[in-house]
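First to last, the protein sequences are chains A and B. Counting from 1 along the first sequence, just add 788 to a position and that's the residue number in my numbering. Counting from 1 along the second sequence, just add 78 to a position and that's the residue number in my numbering.
Misleading hints may appear alongside valid ones.
Unchecked claim - Calculated pairs, DSS-like style, for lysine-lysine (alpha carbon to alpha carbon, straight line, at most 25 Å):
# : chain 1 : residue 1 : chain 2 : residue 2
1 : B       : 197       : A       : 842
2 : B       : 226       : B       : 197
3 : B       : 727       : B       : 448
4 : B       : 226       : A       : 842
5 : B       : 137       : B       : 629
6 : B       : 272       : B       : 197
Calculated directly from the structure, the hints in this document are not laboratory data.
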Amino acid sequence: MMRLDQMPLHRPGVVTRLATGSDIVRRLMAMGFFPGVSVTVTKRAPLGDPIALKLHGYELSLRRCDAATIHVTLQPEADHVPGHA
Amino acid sequence: MSPATHEQAASADPWPASTGRRPMFALVGNPNTGKSSLFNRLTGSWQRVGNFPGLTVEKRLGQVHHQGQTIDLLDLPGLYTLDAISADEWIVHHVLHGQARHTPRPDAILCVLEAGNLKRNLFLVTEVAQTGLPLILVLNMADEALQKGMIIDHQALARRLGVPVLATAATRNQGIGELKQAMVQLLKDVPTFKPLPAGTSAEDRYRWIEQLLQDVVTHHPRRPARRESIDTLLTHRVFGLGVFVGLMYVVFTAIYTLAGPLMDGIDLLFALLGQWAGARLAAMPILQSLVSDGIISGVGGVVIFLPQILILFFFIALLEDTGYMSRAAFLMDRLFSWCGLSGKSFVPLLSSYACAIPGIMAARTIEDPKGRLTTMLIAPLMSCSARLPVYVLLIGAFIEPHHGPWMAGLCLLAMHFLGLLVAMPCAWVINRVLLRGKATPFLLELPPYRLPAMRDVLWRMYERGREFVLRAGTIIFALSIIIWAMCYFPRPAAVEEDITRQAIAHVMAERMMAEPDARQWIEEDPDAQAQLEHEVGRAYLEQSYMGTLGKAVQPVFAPAGFDWKITVSVLASFPAREVLISTMGILYDLGGEVDQDNPGLMAHMRSATHPDGRPVYTLPVVAAIMVFFALCMQCASTVAILAREAHWKWAVFAFVYMTTLAWLGAVVSYQLGSLMT
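The shape of chain A in the complex, shown without the other chains:
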């Protein structure tokens, strides 16, 4: 269990929960973040922030502080299924 901003690059994860009570959550949910969604961090900006990630087949950039409101579990390496997230 970790937060989205802690996820290593290119390892798919699954969203477990979204922190409640933050303004950005509504917007994140509209963008497709909810428990069970597959998400992969694709890159980090040179200065460390923001990060870019793939979900539902598109790529989104998020600041680390906002990414920290999303909790994920990493999918085990062996079960890594290639293809769209």
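Here the structure of chain A is known, so what remains is to put chain B in place on it, guided by the hints.
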């Protein structure tokens, strides 16, 4: 929850066609779906742009012509959800629900989706469907989806949803005819589909969408996208930043340098025009000055911005349509997030280093209204190219002779950084203290790289130029006339007589001539004639409202070490910053044609003294002038563009806060400098 089934509307509202009003479709969709390309293809040149009242977001209205029918098309801002945060997003919700006062409720909606990205795009559709308006789904960028290996069964989707579903590739002009046909068709039979209940959660909507798309979308993965590796390269820590710096350098140089010859050409053209008109009107001096120095100068002062604006917006449109702009914002965001801005502020602020007018206009690319306004308000602090001549004059006259070229270069660099150094804390203050209300969170989509359609890029460039001339140009022109009047009137004839009499007396004494001979001598000697003209010019400026104002305001600037000539020059530079130099030229009897390299002007300034013999231009004074000039908003065009892009109240606010900052900076520089020397 199973996809809804088709339902014919039981009792359709009377169609607008029957009431004589033209039917109106609204164009709704996510950002990056090619909505504006589609709008352009559907409406051709039948479009106009305005603002939603009270907002800074664009309202674009056009007409679609098909088989003798005309349909109005309203382009609404791109957004991800109707559940809005900022006022700019709420307008879409209000318009679709018929709650916007100045915009009638649309009769139907064209939902534009990115064919290769259906899941997230359909989320908005589920919300839009709740408005009860008839829909057509347009799967745009269908060519890209095909390339990705996606096969979309449009008929199945249409069947399941109960609305027409069409595929288009707007940049290639594919599917447009069919879409127009479908729009006309919608006017005849009105399908609706039962939307999801209003309170449905986001998660449930996405599950509904997933079920909807099952067996409708199939994937045949092609070879891995080359574009992915390009993207990794372009966002790479070293290479990505390198490419970014290189690109920004190209853009900036183009504005700063390429525009130069064009601007010089425009200057020349209008100067010639002014001379031509002046010669024609020599008999009527007031009219001559009004036309030549007021009107022609004023129009020239608007047109001169066009090269920079067109070049900048050409590049912005190009960078946006290729998808690179998001990467640029992604790379730069860390530099800006701490003061309430985002990476999207980079290009507007960078362009402001060339000229704040296109920079402020470029701030429109920032979706977050708070960030957009803050960027616009600090953009004039970036040391624009018009400040450069003043720095060069002062540094060249006072710093280089005593401290050498290295020090001079360092000073120049320091002046450029000063604005930036002050701007960022100002942004922080403006964001925290002034602009309450929620900031739209930084959720930046990184769209796939695309080849832009030149037609759309050039159209956007043209639109920005036209908008500038029509909307800001009028204000700039009006301000030019007002300032002309302030520098011209009251113009009592006694002034010229006095100066002429003085000059004659001077020649009489020097050359031992009688009065009539002296008068004749002055009229025949071209240097003496020129000198007389300059002196008369100076006297007139002193007498004018501007001059009187400068002298009246002088006490305010005394703590900064300014004398009245400096104050008047600073005030008179409001029409355009460079005018400071020509005003100084006039006030030192050299005429207004001097530039920053004029040795005569420098010599005069070096030897200028106060009545009590103290030199006017000491190092602290020079520092104070430069600091003031760096931070002040002596630029009518900037005021005008802020008034248009934001609001008059913000233009006034910016003028006041920057002038105050400039004054404080000048006073501190002078006082501290005097203490140290």
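Discussion item. Taking the earlier hints as the rules, which of them does this structure contradict?
Written reply: 5
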